[in-house]
Each structure stands twice: as C-alpha cells, then as structure tokens.
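Q: Given the coordinates of chain V, assemble chain S onto it according to the supplied hints.
Those protein sequences? They're chains V and S, same order as listed. Start counting the first sequence at 1; every next residue gets the next number (my numbering). Start counting the second sequence at 1001; every next residue gets the next number (my numbering).
FYI, nobody ran anything at the bench for these hints, they're computed from the structure. Model, not experiment: these values are computed from the prediction. One should not assume that every hint holds.
Counterexamples of contact, computed for chain V against chain S with all Cβ distances above 10 Å [to be verified]:
1) V28
2) V65
3) M71
4) V140
Sample of chain S residues at the chain V side, in silico, Cβ under 10 Å [as the list claims (entries may be wrong)]:
5) I1012
6) L1013
7) G1146
8) I1149
9) A1161
10) L1162
11) L1165
12) L1169
13) P1170
14) Q1191
15) W1194
16) I1198
17) A1209
18) S1217
19) M1220
The beta carbon of each residue, even a glycine, is placed where N, CA and C say it ideally should be.
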Amino acid sequence: MKLKQKLKEYWHKLGSPRWFYQITTNWVTFFGGSALLLLVTGFVWALAFAPADYQQGNSFRIMYVHVPAAMLAQSLYIGMGVAGFIGLVWRMKLTDVAIAACLPLGMVLTALALFTGGVWGKPTWGSWWEWDGRTVSTLVLLFLYVGIYALREAIPDADLRARASALVSLVGTVNIPIIKYSVEWWNTLHQSASFSLTEKPAMPAEMWLPLLVMVLGFYCFAGHHVLSRMRLEVLTRESSSRWVAELMLNKNAVDGTPQTSTTDHGKG
Amino acid sequence: MVGALLLREWKILLRARASIVNPMAFLLLSTLLFAIAAPQLVAEPSQQASGILWVLVLFTQLLSLDAMFRRDYDSGTLEQSLIMADVPFVAVLIRIFVQWLGTGLVIVIATPVIGPLLGLSWSAVPGTMLALLLGTPALSLLGSIGAGITVGFSRGGIILALLVLPLFLPVLIFGTDIVNAAGAGLNYTAQAYWLALITLVALIVSPFAALAGLRISVEMQ
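Bound-form chain V, shown alone (with noise of 0.2 Å):
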C-alpha cells in the first residue's frame, strides 16, 4: 500500500518538468559514467582479448557494436511508443520532450547497426547487403524513424507535433511485432539470435560476456544521451519559467536546486 501510494507520488511529480530537471542531475553523471567505464572495458577485451572466431576470425569482432545497436535501436522504438502511449492518455509534457530525445538517437544506431551488418557481411556472406529477413525488418526500422521524424518537420505548432509524433510512435510500436513476424515468415538466412536474455548463449563465456559488458554499455551511454537532450530541451521549453532564469543566473546551483541565497544575482 504504501509502495503504492510512493509510486503514485513518482507518477504525478513525473509531469513537472522542473522536478525532473532537478532529478535527473545525478542520473547524467551516473549513466555518463557508467557508459564510459562500460565501454572502455567492452572495447579492450572485446578486440584485444575475447578468442578469435573459429570459422569467421577476426570478422566477429564487428558483432560487438552491431549487435549492441540493434537491440538499442528497437528498445529507443519501443520507448517512443510507451512514452506516445503515456502521452496520449495522460497528456504529459515529458513524453514529446522524451520522443524528441530518442528520435535521433535511434535513428542513427540503426544505420549503424545496418551499416555494422554490411561490414560483417562482406566477409562472411560474400556481399555488403542480402535481403534477409532481419536486414529487412531493420531497414523497415529505419524508415518507421524517418517517417516520424518528416512528421515532425511538416508540423510547426508544438502542442500538435507531440500529439502527431505521439500516436504515430505508438501505432508503429503497435506494428512492430507484425512487420517483424511477416518478414521472418518471407525469408531467413541470418543467423539466429545470438543472444538472448533468457536462453544460455551459444557461444563461450569469453566471446559473451564482453558482448554483455558492450550491451550495458550502450544502455547506459543511451540514458546518459537521452536524458542529456532531454534536460536540454526541458530547459529551452520553459526558458520563460522563473526557475529556469533563477538556475541560469545563479552559477552556483549547479545541481539544479533553486538557491534561496540571492548574494550573486547582480553578477548574472
């Protein structure tokens, strides 16, 4: 009960874009961090140290940023979706400032991961594209991002282009598993899923684990990314807002927490 009531409590402060600011302070050093220990660690043992392939050699190697993408790139979709839901229904300021955030973000990791793909492919499958089932899907990714983000080009009133980006991000979401499912159905000749949450890897523990070390890596540098721009864009929204100004003029409230001290004002 009283979890639940705390819960609710989180929910509803959710909606301030200032408590947010204020928040999320600590989760950009944390996240930033993170990422760069993560991927620092996943990068010199994923390329110096991890055991080469026996069939494919070296060329595996890729599989440390493709893979890595790729699950990113549908996870920041799927955000979009559940932030578009959340702001549909709750009418929430944070969901578009949110969507925005992961947009660009998402788009560029699933060229990279179609582009990673490519890389490895020339190696093993002998040309730079083949229209498998998951290039396919990936590609179909790909466009479902560009289609939101000409939506929100086309739109200049602000209030309306969240609602737009929001029901759009939300019905490909919906559509996802479909578009997913029927291409696997048309053709598969990629490999199968390589890793996998629940299922024991295939591979050995020392090719994995700093597949699993980049994994979170790229997690944490998204979160360190994301909630970056969205701090950014919270803070060009409400540039008119009266806590904003007393932040920007008042150096030493670096935190973000309004300081009641007014001794450095005429300095600003």
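A: Structure of chain S alone, referenced to chain V:
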C-alpha cells in the same frame, strides 16, 4: 444514423466518379508502363507477376488515400461530423469502408483483366482475387491512419507514403505468397488465414488511430 451515413458516403462515391475511375486508370496505366519497360517479364505467365501486381496495387491505394478525408476536411464537414456523431469512430469506419469499395473492391473485380496483362497465369487468378479481397481492406484501414494525420498538410504526399508503406509490408508479404502458391498450384490456406488476421487487427486498431489523427488535423485547420 449508420444508415444515413452509409447512404451519404455511397451517394458521394457514385456522384464523384473520379474517385473510382482515377485509381483504376492509374493501375491500368502503370500496367502499360510495365509492359513497355519489361516486355519479357509480362510476355508469358511468370512468378514475377504477383510481385508487380501487388506493388502496383499498393501504389494505387497509396495515391487514392489522400482523397479519403480531403473533401470533407476542406469543406468543414469533417469537423462537424466529429462533433455531431454519436460515435465518431463509426463515422470514420464507414468512410474507410466506402473508400475501400471505390478502390480495393474495384481492383478485385478488375483482377481477371489486369492480372493476365501482367503475365499472371489463369490458374492463379482465383487465388489472386481472394488475396486481394482479404488484403485490400487492410490497406485502406492502415492507410486511413496516415491519411487522417496528413490531411491537414498542404503537401503531405511523401510523408503519407513514408508513414504508411512500412505498415503495408505484412500485407504485401502474405499477399504475394498467396498469389505465388496459387500460381504453383499449392495450398494457400495458411497464408490466407494470416492475411485475414492482419486485416482484422487493422480493423480493430485503425479507426481509433485514424480518429485521433483526424482530431489533430482538425485542430491544425
């Protein structure tokens, strides 16, 4: 209420014959272009016919989507009907249904003519008609979402295509699969069920999403 709406949409469809004639003209014209650009492809019955036919159907649907809400939007009728209707969702659904009558159903009826022109074997025609009958409603339904959101734009064509074509992909996959199976004399019951499932899911989701999109567009006016 429903009867009156249906009657109204039906009368508009019959009076504005361009909404039936134009898509069919486009479909025939693009068939002609294919026959000229790739004569060896359409000369004799081939497997490629199913793909060409379905892509042309997709484009025909896409081009006729803009007209789905355009007239009512421009005249202000749409705004009124969203306010006045007891269940706005039904009004949208009827609009989609009548749009399908004007494009999807006509395409199904025209298949025995257009299919063989594109090199479809005669034995595949019944299967193709079934595939189109099951698949084209999904195209109208899913397309209505994009049409609802973009009707407020003065130049929404490309954005409409970007929003809607990825959603058409499952219909294309199972639709062509049915035509191929029919051409090869194989059983296509499984694909037909899948296509029907996609259409039913579209029927559940689309009118609500289209309605939400229309509400955004009406505010844009």
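Q: State for each hint whether it applies.
A: How the hints compare with the structure:
1. V28: Given a closest Cβ separation of 33 Å, the condition holds.
2. V65: Non-interface label on V65 of chain V holds, nearest chain S Cβ at 25 Å vs cutoff 10 Å.
3. M71: Holds, since 20 Å exceeds 10 Å.
4. V140: 5 Å, violated
5. I1012: 27 Å, violated
6. L1013: With a closest approach of 27 Å, the L1013 of chain S hint is violated.
7. G1146: Because about 8 Å separates G1146 of chain S from the closest Cβ in chain V, which is inside the 10 Å limit, the hint holds.
8. I1149: For I1149 of chain S, the interface hint holds, since the closest Cβ of chain V sits about 5 Å away, which is under 10 Å.
9. A1161: 9 Å, holds
10. L1162: Where the cut-off is 10 Å and the nearest Cβ of chain V is about 4 Å from L1162 of chain S, the hint holds.
11. L1165: 7 Å, holds
12. L1169: Holds: closest Cβ of chain V sits about 6 Å from L1169 of chain S, inside 10 Å.
13. P1170: P1170 of chain S check passes; min Cβ-Cβ to chain V is 4 Å, inside 10 Å.
14. Q1191: 9 Å, holds
15. W1194: Interface hint status for W1194 of chain S: holds (8 Å vs cutoff 10 Å).
16. I1198: 7 Å, holds
17. A1209: Since chain V brings a Cβ to about 5 Å from A1209 of chain S, closer than 10 Å, the hint holds.
18. S1217: 9 Å, holds
19. M1220: 6 Å, holds
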